[in-house]
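Asks: Starting from the known structure of chain A, arrange chain B on it as the hints suggest.
There are 2 protein chains.
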Amino acid sequence: MELPKKLLDLTDFFSRFPGVGDKTALRQTLFMSKWTPNELAEFGNCVKELASLKKCVMCGMFADDEKCSVCNSEERGEAKTLCVIETITDCLAIERSGFFRGRFHILGGVLNPLVGIGPEELGLDHLFERIKNDEIEEVILAVNPSVEGDATCSFIKDSIDSNLKVERIGFGVPMGGSLEYLDSLTISKALENRQKM
Amino acid sequence: MELPKKLLDLTDFFSRFPGVGDKTALRQTLFMSKWTPNELAEFGNCVKELASLKKCVMCGMFADDEKCSVCNSEERGEAKTLCVIETITDCLAIERSGFFRGRFHILGGVLNPLVGIGPEELGLDHLFERIKNDEIEEVILAVNPSVEGDATCSFIKDSIDSNLKVERIGFGVPMGGSLEYLDSLTISKALENRQKM
Numbered sequence: 026m027e028l029p030k031k032l033l034d035l036t037d038f039f040s041r042f043p044g045v046g047d048k049t050a051l052r053q054t055l056f057m058s059k060w061t062p063n064e065l066a067e068f069g070n071c072v073k074e075l076a077s078l079k080k081c082v083m084c085g086m087f088a089d090d091e092k093c094s095v096c097n098s099e100e101r102g103e104a105k106t107l108c109v110i111e112t113i114t115d116c117l118a119i120e121r122s123g124f125f126r127g128r129f130h131i132l133g134g135v136l137n138p139l140v141g142i143g144p145e146e147l148g149l150d151h152l153f154e155r156i157k158n159d160e161i162e163e164v165i166l167a168v169n170p171s172v173e174g175d176a177t178c179s180f181i182k183d184s185i186d187s188n189l190k191v192e193r194i195g196f197g198v199p200m201g202g203s204l205e206y207l208d209s210l211t212i213s214k215a216l217e218n219r220q221k222m
Numbered sequence: 026m027e028l029p030k031k032l033l034d035l036t037d038f039f040s041r042f043p044g045v046g047d048k049t050a051l052r053q054t055l056f057m058s059k060w061t062p063n064e065l066a067e068f069g070n071c072v073k074e075l076a077s078l079k080k081c082v083m084c085g086m087f088a089d090d091e092k093c094s095v096c097n098s099e100e101r102g103e104a105k106t107l108c109v110i111e112t113i114t115d116c117l118a119i120e121r122s123g124f125f126r127g128r129f130h131i132l133g134g135v136l137n138p139l140v141g142i143g144p145e146e147l148g149l150d151h152l153f154e155r156i157k158n159d160e161i162e163e164v165i166l167a168v169n170p171s172v173e174g175d176a177t178c179s180f181i182k183d184s185i186d187s188n189l190k191v192e193r194i195g196f197g198v199p200m201g202g203s204l205e206y207l208d209s210l211t212i213s214k215a216l217e218n219r220q221k222m
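Protein chains in written order, with this note's numbering: chain A, 26 to 222; chain B, 26 to 222.
The following block holds chain A by itself, in its conformation from the complex (with noise of 0.2 Å):
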């Protein structure tokens, strides 16, 4: 039995979803077929509308308007300490700690000489630039630890004024851990980071 093609087309943009299969992406196409012609419609616009999606003039991260939210604020406490990070995502992720109340950068990856992504692709100088401009006092580089993150951080604490106060994240045992599973990377960098109680 052929499946008519306005199912294929759906279920091929579907299965191309991270962690979408074949089968999972097929279920979902054969869900919508139960929808109305109203509710595929507003879909259908809001997929299109993702095209004109903003991004924050200063921090890379998506905006309804010039800038976003948070680059917005004025009642965000900390306006002086900007926290460096590689992605969108990694961005919600630290808001949804709501522990920190200063503004974001997003870089958008990492150095990685080995595929052509330099200072420049990074948009470094525009960084740089910003933490002068808005005056920032103290840089949290909050990179994720690799080969790759822990040298565009020492480039970047490399080309910031050394009068700054730049900080990476807190390297150990993460929260509800338990020693017995952690790789020996993480216990050597959670002894050597030990905190006075």
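I should point out that these hints are in silico values taken from the structure, not numbers from a laboratory.
Among the clues, some could well be false.
The list cannot tell twin chains apart, which means a pair is met if one copy fits it or any two copies do.
[Claimed, not checked] The calculated DMTMM-like cross-link candidates involving lysine to aspartate or glutamate, where the alpha carbons are at most 20 Å apart (straight line), are:
id	residue 1	residue 2
1	Lys59	Glu146
2	Lys92	Glu154
3	Lys157	Glu145
4	Lys79	Glu160
5	Lys73	Asp37
6	Lys73	Glu100
7	Lys31	Glu64
8	Lys92	Glu160
9	Lys80	Glu192
10	Lys80	Glu111
11	Lys48	Glu146
12	Lys31	Asp89
13	Lys105	Asp150
Replies: Only chain B this time, still in chain A's reference frame:
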């Protein structure tokens, strides 16, 4: 941080899908935010196109034209054998097995007077008419085993000319199944339905 309305609207749609929670929905939206405007437009159109998806006038399966590829096919051998099933996905499952070479009839559900699904709602008249018009010689009831499914099968059996061959699919131990983990009802059915070797 507030995400742009465009993202939230799309995430809302994704979270309607079965097995998709808020987190996965957001992940899918963020994944799509990297797509080109062209891809988004194509996907959006595919979604809208689904509103004009046709169903086969004969069997109720999705179709490109008036009739689906199975009802249209002259090559399928057993045009006089009709397999009655509940849903379109059941039809796809049977087709995947590759065993059945007859025609389908999709009920779209089973009799359930408590929620107001009677013979009319299932279009059983259309089924009985088809059995006569198409000179069907064998009816296979591949309705899932449940109280309502059993009642539906009995109702159909009683409404059909008693000269016709009416059978229900076999119940028993599934291939690769282990008696150890099967429920008592399935084991009873398997013993009852034992076959001469």
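Asks: Hint by hint, say whether it matches the structure.
Replies: Right, here's what the structure says about each hint:
1. For a Cα distance limit of 20 Å, the shortest separation of Lys59 from Glu146 across copies, 17 Å, qualifies, whereas the shortest one inside one copy, 45 Å, does not.
2. For the homomeric pair Lys92 and Glu154, the shortest alpha-carbon distance inside one copy (17 Å) is at most 20 Å, but the shortest distance between copies (65 Å) is not.
3. Proximity of Lys157 and Glu145 under a CA criterion of 20 Å is satisfied intra-copy only: 18 Å inside one chain copy versus 75 Å between copies.
4. Within a single copy, Lys79 and Glu160 get their C-alpha atoms no closer than 26 Å, and across copies no closer than 62 Å, so neither meets the 20 Å cut-off.
5. Taking the closest pair of Cα atoms, Lys73 and Asp37 come within 20 Å of each other both inside a single copy (17 Å) and across two copies (15 Å).
6. When the C-alpha separation of Lys73 and Glu100 is checked against a cutoff of 20 Å, the pair qualifies neither within a copy, at 33 Å, nor between copies, at 42 Å.
7. In the homo-oligomer, the alpha carbons of Lys31 and Glu64 lie at most 20 Å apart both inside one protomer (17 Å) and across protomers (16 Å), since each shortest distance falls under that limit.
8. In this homomeric assembly, Lys92 and Glu160 come within 20 Å of each other (Cα to Cα) only inside a single copy, at 18 Å, whereas the closest approach across copies is 70 Å.
9. Taking CA atoms no more than 20 Å apart as the test, Lys80 paired with Glu192 passes in neither setting, with 26 Å inside one copy and 62 Å between copies.
10. With identical chains, the CA atoms of Lys80 and Glu111 are at most 20 Å apart within one copy only, with a shortest distance of 15 Å there and 48 Å across copies.
11. Proximity of Lys48 and Glu146 under a CA criterion of 20 Å is satisfied in neither setting, with 38 Å inside one chain copy and 30 Å between copies.
12. In this assembly of identical chains, Lys31 and Asp89 lie within 20 Å of each other by CA distance solely across copies; the values are 8 Å between and 33 Å within a copy.
13. Within a single copy, Lys105 and Asp150 get their C-alpha atoms as close as 18 Å, which meets the 20 Å cut-off; across copies the closest is 75 Å, which misses it.
When the structure is compared with the earlier hints, violations turn up for hints 4, 6, 9 and 11 and for no others.
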